[in-house]
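Line by line, the protein sequences are chains A, B and C.
So in the numbering used here, spot 215 of the first sequence is number 215, and the numbers just go up one at a time.
So in the numbering used here, spot 273 of the second sequence is number 273, and the numbers just go up one at a time.
So in the numbering used here, spot 166 of the third sequence is number 166, and the numbers just go up one at a time.
Bear in mind the hints are in silico, worked out from the structure with no lab data behind them.
The model shown is predicted, which means the values in this text are computed figures rather than measured ones.
The beta-carbon is built from N, C-alpha and C at its ideal position, and this holds for glycine as well.
There may be inaccurate statements among the hints.
[To be verified] Okay, the calculated beta carbon distance ranges per label pair:
hint, chain 1, residue 1, chain 2, residue 2, range
1, B, Lys335, A, Leu367, 49 to 55 angstroms
2, A, Ser159, B, Lys335, 44 to 50 angstroms
3, A, Trp36, B, Leu283, 46 to 52 angstroms
4, C, Glu201, B, Lys335, 40 to 46 angstroms
5, A, Val308, B, Asn212, 32 to 38 angstroms
6, A, Ser159, C, Glu135, 16 to 22 angstroms
7, B, Val111, A, Arg378, 40 to 46 angstroms
8, C, Thr158, A, Leu323, 27 to 33 angstroms
9, A, Ser159, B, Phe305, 34 to 40 angstroms
10, C, Thr134, A, Ser92, 39 to 45 angstroms
11, A, Trp36, B, Val111, 39 to 45 angstroms
12, A, Arg378, B, Tyr307, 26 to 32 angstroms
13, C, Ala246, B, Leu180, 45 to 51 angstroms
14, C, Glu135, B, Leu194, 38 to 44 angstroms
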Amino acid sequence: MTIDETRAAVHFKPLNVGRWIVWGLFALLLIVAPLWWTSGFALTMLSQMGIAIIACLAYNMILGQGGMLSFGHAVYSGLGSFLAIHTLNLASAGKLSIPVSLVPLVGGLAGLFFAFLLGYVTTKKSGTTFAMITLGVGELVWSMSLMLPEFFGGEGGISGNRVVGNPFLGITFGPQIQVYYLIAVYCYITTAAMFAFTRTPLGRILNAVRDNPERVEFVGYNTQIVRFLAFMASGFFAGIAGGLAAINFELVTGEVVGAHRSGAYLLFVFLGGATFFFGPIIGAILMVIALVLLSEWTKAWLLYLGLVFLFMVMYAPGGFASLIMMNLRVAAFGKLRRLWTSYLALLGTGLTVLVGGAAMVEMTYHLQMNAAMGPDVRFMGVKLDATGLDAWFGAAFTMVLGIVLFEFARRAFRQEWDQTQEEIEKEIKRRESL
Amino acid sequence: MDQVLINILNGISAGLLLFMLSSGLTLIFSMMGVLNFAHTSFYMVGAYLAYSMSQAVGFWPAFLVAPLVVGVMGAVFERYALRKVHKFGHVPELLVTFGLSYVVLEVVKLVWGLSNVPFSPPEVLQGSAFTVMQSSETGLGLMLGAAPKALCVGNDTVKLACSTFPAARFFIMAVAVVMLLFLWLLLTRTRIGLVIQAALTHPEMVEALGHNVPRVLMLVFGSGCALAGLAGVIGGMTFITEPSMAAIVGSIVFVVVVVGGMGSLAGAFVGSLVIGLLQTLPLTVDHSLADAARSLGWAVTPQTFGYPFLKITLSQAAPILPYLLLVLILIFRPKGLLGTRED
Amino acid sequence: MSQQHRPSTKGLALELIDIYKSFGKTEIIRGASLSVAQGERVAIIGPNGAGKSTLFNLISGRFTPTRGEIRLMGQRIDGRKPFDINRRGLARSFQVSNLFTRLSAFENIRCAVLWSMGHRYAFWRFLADLDDVTERVDEVLEMIKLDKKRDHLAMNLTYAEQRALEVGVTIAGGSPVILLDEPTAGMSKSETTRFVRLIREVTEGRTLLTVEHDMGVVFGLADKIAVLVYGEVIAFDTPERVRADARVQEAYLGSVLADQQVASAAA
């Protein structure tokens, strides 16, 4: 069950119509989304998603397309944020006349500049060493942010005002909806640009460097320069995301260059799927949902996230995107109907395990963190007495039962899946020989 | 002078603790090609486990048992998680340890709480190992244990100063040196060490010769984690045991390994000492580039270009010095100080 | 071989002048020298462990010689990076197929021609618009008979197809000097015969250096044979004269030839 077999079959030779439809739908979605989900909260989420999409796609330029694992990419989006907010403040003070809509480009140029400066040293090595260097450089910048309050604003960060200058056609960027559409425009353009990049000589050679850096050298390319250029491009787009974030939140603190942010990029791009272009888009949406919603619902969100991530690395290293593509392939051969019952069984038993496990985790967290608030935990609309044996026994029993049933469901699914894949392989071979 | 000596010793003890961590990391990396991102997580677990155990059975049993428990945890993780992603390549292996670090951190916070726990050294290790005394009359002197006040407080004619070296830090150095020797002997003088060295470069051949290579790798990973756990026990009791201890040491350990040279134990040793000293010695220097410039007669004011940089004292800059060293090494000697393998 | 420093002679595609290579204390190549004229086809043979692959690695830039010079069309290339050497006109294949496994056959060849066709690090043009590249890639695919499999991932090709693609990636860039490392390794008799014909076609007009074990291939393909034993070139001449050389017979060829004579006598 590898992703690559999927790729061979799903290598669309799209009629341009197909491509126009996809990009048209994307634009439509961006335009229509806030008209559908109209609450202020939804608008905030959508704005953040737009920014996250740019940042995650930028990160995947080096991870998924270049095979470079970076633990410190927040440096470039973060420094973009800082330069953007300083530019905003200069504009507010009248020292610089620049329209707010161009401020994200300032962020982009900052990201590009620092990717040039730091990237030269970073891309000297590849693989695991590269990863460690990015960690070190990330810590370096983070530590410096604590030492230079003039630029980084110390504890409180740097704040700004996005309503600056004369309104253009009535647009002041005061209301969130206007900021959303600014983000949406940048999101669309940068996504198109990053997609176009994959279709250029540099983009293709970057893929080759990912797959076999040694051979690339033997066909005339200096792999270090290839990786350096990709790194700079990635930094540029990350900086744009940072600039938009500065405008959106009107506040930039040191944590935007920190290890947590970098880790989040890695985690969610991987979760979304690094091997497909649209994977990071899924990852970005998940990232905003997790960071904004999940963290509200439960204190154990980071634990859940870590476990989901572990699970994905072990069983689905291509992320959600690869899962979707695999099932699309099955659907393309008309065999998805057959798997419905298996999927349902998996879902049902999986949920049972989750409910039981989550109940125990929540109760533990409650005992540890909120003990002062009494023994009762609200879990999925039900009150559980965290100190009582009943709740624990119930939760443990649910989880164990779920695990047992899940294992049965999984085996049945595995059989059906393998059989389906075999049939598909046969069909492909049959079509080839025609 | 006494202060300087003690500072150097502090730096060396910090470096040796770093070496305990970086050696385990290097071993695992050399043997398995896996960079264990969760290495310092095992360090943290070792500290916390030892704390809990020492509450129940006292420090010394905890000191012996906690690392073993951590080693077993590491072996279990290798067997059930790491081995599974081995076929996907090195990046997924790194990612699985990355995910583990998140999970371990959360579990530790869950079990032991968010703030630090009062893990302190046992009676015998509290207090000073020895004292260095500086007298304007007799020069430097050394005394075991803590020196009496009379030898430390001077008057107008005789200037006296004392600096103590904590017993706990001395213990770190002792354990680190013993462990290093043990490791070296194990790898070069025993049969299992020979098998490990062979499995490093020719795992299939070694397996064909009848050795259980997966088991050897599990053993190596577990041992590396046990080393980290041991470092955690002594580090946690000497310094502070809190949830962020893994992250704080984590990035430094990686810097050590890159600076020393990936895959080189000797390099890890040299790198650890250098970084240990680099982190400790500058802490006593409260001068900045601006101060230095002023002492040379240049006028440096808040209006001078780059003043925000110039006014940073060396002690304030101490946290970034290892990373600056990393960048410099990468520019001028990318293989690392004693690096052998290019990866 | 001569210890003097010889001035480079024009017209020589490749020169190895007194090459030494040690790994730690082990000396693999000890004073190997070779001069290959332009357009020549040279086969390098020798017992296992003689250093043939090491020699290729030295020439193509994977390793740096401990001592000695390597010249490509008169210019020194020892110590240079692989991409530098490739840009100067030398391309090599690998004994174990070294392809871009997750890219299709078409993409593999395309990656091999992009630099030589001048597109460098361009990110302002679409690959799809580069008609000259597409034409060239299709040409090469036809030459190596993989035009029907152009969209198949390299990892999904058969072994022989992968070896063909390997050669394709090597010659696609148009390098005048080609190094093929055991191109027919692992192939059956019929596959080998077909493959030798393929190699002859695609290396038409170029200088070819190939490491081979199969004597049939060697005698069928090569103008000259270089015999490498213990890191030294002990003979470099036409196949007939090498066959007759007593040192070669003693060191290497004798037993093999005897087997072949017996086999052909029995046939």
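Here's how the hints hold up against the structure:
Taken as a hint, the range 49 to 55 angstroms holds for the pair B:Lys335 and A:Leu367, whose Cβ atoms sit roughly 51 angstroms apart. A:Ser159 and B:Lys335 have their C-beta atoms about 45 angstroms apart, which keeps the hinted 44 to 50 angstroms range intact. For A:Trp36 and B:Leu283, the hinted distance range of 46 to 52 angstroms is not satisfied, since their beta carbons lie about 57 angstroms from each other. A beta carbon spacing of about 44 angstroms between C:Glu201 and B:Lys335 agrees with the range 40 to 46 angstroms that was offered as a hint.
Distance hint check: the CB atoms of A:Val308 and B:Asn212 are about 33 angstroms apart, consistent with the given range 32 to 38 angstroms. For A:Ser159 and C:Glu135, the hinted distance range of 16 to 22 angstroms is not satisfied, since their beta carbons lie about 58 angstroms from each other. A beta carbon spacing of about 23 angstroms between B:Val111 and A:Arg378 contradicts the range 40 to 46 angstroms that was offered as a hint. For the pair C:Thr158 and A:Leu323, the supplied restraint of 27 to 33 angstroms holds, since their beta-carbon distance comes to about 30 angstroms.
For A:Ser159 and B:Phe305, the hinted distance range of 34 to 40 angstroms is not satisfied, since their beta carbons lie about 26 angstroms from each other. Between C:Thr134 and A:Ser92, the C-beta spacing of about 52 angstroms breaks the proposed range 39 to 45 angstroms. Judged by the Cβ atoms, the range 39 to 45 angstroms given for A:Trp36 and B:Val111 holds: they are separated by roughly 44 angstroms. At about 54 angstroms, the beta-carbon gap between A:Arg378 and B:Tyr307 misses the expected band of 26 to 32 angstroms.
For C:Ala246 and B:Leu180, the Cβ-Cβ distance of about 58 angstroms falls outside the hinted range of 45 to 51 angstroms, so the restraint is violated. Between C:Glu135 and B:Leu194, the C-beta spacing of about 58 angstroms breaks the proposed range 38 to 44 angstroms.
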